[in-house]
Amino acid sequence: MKKFIALFSILILTSCAELQSIANQLPMGVTETEMSAGLRQALEFGIDKEVTKLAKEDGFFNNPKVRIGLPPELQKVDKTLRDVGLDALANEGLKVLNRAAEDAVGEAIPVFANAVKGITFADARNILLGADNAATVYLSTKTETELYGKFNPIINNSLDRVGATKVWRNIIEKYNALPLTSDVNPDLSDYVTKKALDGVYLMIAEEEQEIRNNIGSRSTELLKRVFALQDKK
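In mature numbering (1 follows the signal peptide of the UniProt record, and there is no 0), the protein residues as written are -17 to -1, 1 to 216.
Simulated from the structure, these hints should not be mistaken for lab results.
Note that beta-carbon positions come from the ideal geometry of N, C-alpha and C, so glycine has one too.
Treat the hints loosely; a few may be bogus.
[As the list claims (entries may be wrong)] Cβ pair distances, simulated, as ranges:
#	residue 1	residue 2	range
1	ALA96	LYS59	17 to 27 Å
2	ASN159	GLU40	29 to 39 Å
3	GLY199	LEU112	17 to 27 Å
4	LYS207	ASP41	17 to 27 Å
5	ASP41	LYS100	22 to 32 Å
6	ASP143	LEU112	40 to 50 Å
7	ALA71	ASP214	45 to 55 Å
8	ALA96	ASP214	22 to 32 Å
9	GLU204	LYS133	29 to 39 Å
10	LYS100	GLU75	15 to 25 Å
Using the sequences and the hints, build the whole thing.
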């Protein structure tokens, strides 16, 4: 029992020593509370700036970084349709997939807001001294499962609302009716949901890297003081 108490005491002291070491490195005037607040602010800025843009019409479709292309099994469909002169139908099929993603992304903002509120000093320390996308990885870990659950039914409904289900049913029926082709029947709702999530996290990661690497992007005094610590790592 005494050995256990001694070991437990060592672990506690080691943990405290690590926290104190980090605290000693804090720039003048930066408290643990401010460090957490600074990380929250950086993520909130990224969410507000980037996720809001994705939720607008053409937010995905006009952004080549996140534009949703076709799943592999439909790429051959697209090529075949174009080869037989159905370019307009193929183009419409691509656009409606992106419209469904744009419809769903607005649901991400309150989920992200709740995750950001939960950032602790320990989280902030690990994020701040971590990789350039550490905050985005944290956010993804905390939100991806919940967001998939929220996005998927919206995207499924949106595919119907914007006509994607009808468009793709027509495309797939025409393709499957062509000679010498193998029938396809992809799960478009699942595919678009996953691609929408990828796009959201990609854009937040870009904003995080901008704040980390470009001092001019730290638009508040709090961001300047807090991210000065990561500049020293």
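Evaluation of the provided hints:
no., hint, verdict
1, ALA96 x LYS59: 17 to 27 Å, "41 Å, violated"
2, ASN159 x GLU40: 29 to 39 Å, "31 Å, holds"
3, GLY199 x LEU112: 17 to 27 Å, "22 Å, holds"
4, LYS207 x ASP41: 17 to 27 Å, "34 Å, violated"
5, ASP41 x LYS100: 22 to 32 Å, "31 Å, holds"
6, ASP143 x LEU112: 40 to 50 Å, "46 Å, holds"
7, ALA71 x ASP214: 45 to 55 Å, "52 Å, holds"
8, ALA96 x ASP214: 22 to 32 Å, "28 Å, holds"
9, GLU204 x LYS133: 29 to 39 Å, "35 Å, holds"
10, LYS100 x GLU75: 15 to 25 Å, "41 Å, violated"
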